[in-house]
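Under mature numbering (1 follows the signal peptide of the UniProt record, and there is no 0), the letters of the sequence shown match residues -21 to -1, 1 to 495, in that order.
Rather than coming from a laboratory, the hints here were simulated on the basis of the structure. The beta carbon of each residue, even a glycine, is placed where N, CA and C say it ideally should be. Any given hint could turn out to be false.
Label-pair distances were calculated between CB atoms; the ranges are [what the hints assert, rightly or not]:
| # | residue 1 | residue 2 | range |
| --- | --- | --- | --- |
| 1 | N279 | P220 | 33 to 41 Å |
| 2 | P220 | H339 | 36 to 44 Å |
| 3 | P45 | G92 | 16 to 24 Å |
Below, in silico cross-link-like pairs of lysine to aspartate or glutamate (EDC-like), each with a Cα-Cα straight-line distance of 20 Å or less [said to hold, decoys possible]:
| # | residue 1 | residue 2 |
| --- | --- | --- |
| 4 | K309 | D221 |
| 5 | K266 | E310 |
| 6 | K304 | E237 |
| 7 | K416 | E350 |
| 8 | K206 | E140 |
| 9 | K372 | E350 |
| 10 | K240 | E178 |
| 11 | K206 | E178 |
| 12 | K309 | E321 |
| 13 | K192 | D214 |
| 14 | K469 | D428 |
| 15 | K348 | E321 |
| 16 | K287 | E360 |
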Amino acid sequence: MEKMMFALVLFVALLMGHVHMGVSSEAEAPPVVDVPSDVDVVVLDALNFTQTIEENAFVLVEFYAPWCGHCKRLAPEYAKAATELKSHDHPKIILAKVDANDEQNKELASLHGVQGFPTLKVFRDGGESVRHYNGPRDAQGIVAYLKQMAGPPSHLLSSLEEAEIIVKENPLTVVGVFNDLENTECQEFLSVADELRSEYNFTHTFDTSYVPKTGVDLSAPAVRLYKNFDEGFNDASDLSPDGLKSFLDAKGVPLVVEMNKDPANHAALVKFFNGVGTKVFLFLDLKGEGADEYRTAYHNLAKAPHSKVLKFLIADAAENENALKFFGIKEDKVPAIVVQGESNGEQYLALDIKVSELDHWLQDCLDGKLEAHEKSDEIPETNDEPVKVVVRKSLNDMVLESGKNVLLEFYAPWCGHCKKLAPTLEELAIDFKDDDKVVIAKFDGTTNDVPRKIFEVKGFPTLYLHTANGENIPYKGDRSKADLVEFVNKHRSDRSDASPELSAVASSEEATRDEL
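When you get a sec, could you build the whole thing from the sequences and use the hints?
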């Protein structure tokens, strides 16, 4: 099963393939023209992996599968980055890849916790340090990210002028002020810097005169975060490792995150979608008349006292069509605002909302005065294929209250495993076509809301048997037709003589299993 987080992570996967969130997908890659040579990408396998890692100070390894759509899209960018970085020294930066779908490498992939493709990991100091790569997926972004990762965790400032240039050129710069290098606070600062170096530009100094002026003086030990948004800077009150990380996590994201494809915005988007808390989305034409008025009003909402438990995001509707589709919003219905609950995943939606209505609508939402929005495709006019189509609007009639045994597949159109399973489900449906107590059906989990209290869907495909007596039984077996028939016949609440014989199915079925 392809691994993913709940709906918001799926949303990011649909919206921005360049933001890696631990989601794997097998969507077909678009044709690639003038694919660069990948001769500078080192090919690793179970035989040479350990030696290569141990002999090099910095290696980025991509665990991939040849059939993976995201891997295909990454390949030319990865190759370009490898070529550009081959001349980098101190340390030498190596880009490598492992075919995790190859039988001889599956144990290696499992050892390194590979559950989806592509999975990228950074191996440093001969393998002493291993971390997930969560950086950009374009060549320029990969190069910049790895150069930052390969250097020292924090840069020692040499002058005020240098510090001012660094702060001006970087969206997030952390300046630590200490008495000496051996100071406990300094060592803990460097440890945090090493852990978070991919998200912030860390610097430190032993001279307070090197700290860019803000009107608020610092005395050692101290840590200040400079940022090119909101109030411009914040000072940490707790310099312990946990305190610093909590401080940066809270203050390192704008009050309102903008969703776009700017690599500089990557870290803020990752934090927004990975962060806990109820999330608020505003979609509108950011280039249109009145956009600035909406921006101001929305930013004021984010600063309001009742919004402290909320996370805010703004997005241009035209540039984020997949996001609109995810929430079931048509482009001619923006400006639109969406609130997505953290605990229950419920969505609240307002279309064609006026700027003067934003505050009142959000307050009504927080006060529980609004009904949750259920996203659903329209019920198909004809539904005569062997595998029946179920949408959110028809879920009760066709599944939950049908009085039948319904094997329901939750799928995504872009999911490779789902595509491979489709012919098997169709054969299964044909075998059961004369059994009026059994239905084989499918539910698009990207365009229809899944009732989380009934079905736990954490990846695609997910299969459930909803029995005639109302029991929900998840399917976790092999995806062969023989095993699926056995599962249905074992758990159905009313067996039928019309059910296909297992022996006949088993003799004609070649089981396939394409997971790690």
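Now the hints, each set against the structure:
no.	hint	verdict
1	N279 / P220: 33 to 41 Å	holds, 35 Å
2	P220 / H339: 36 to 44 Å	holds, 43 Å
3	P45 / G92: 16 to 24 Å	holds, 21 Å
4	K309 / D221	violated, 43 Å
5	K266 / E310	holds, 14 Å
6	K304 / E237	holds, 18 Å
7	K416 / E350	violated, 35 Å
8	K206 / E140	holds, 17 Å
9	K372 / E350	holds, 16 Å
10	K240 / E178	holds, 17 Å
11	K206 / E178	holds, 12 Å
12	K309 / E321	violated, 24 Å
13	K192 / D214	holds, 13 Å
14	K469 / D428	violated, 29 Å
15	K348 / E321	holds, 18 Å
16	K287 / E360	violated, 46 Å
Violation of the numbered hints given earlier is confined to hints 4, 7, 12, 14 and 16; the remaining hints are satisfied by the structure.
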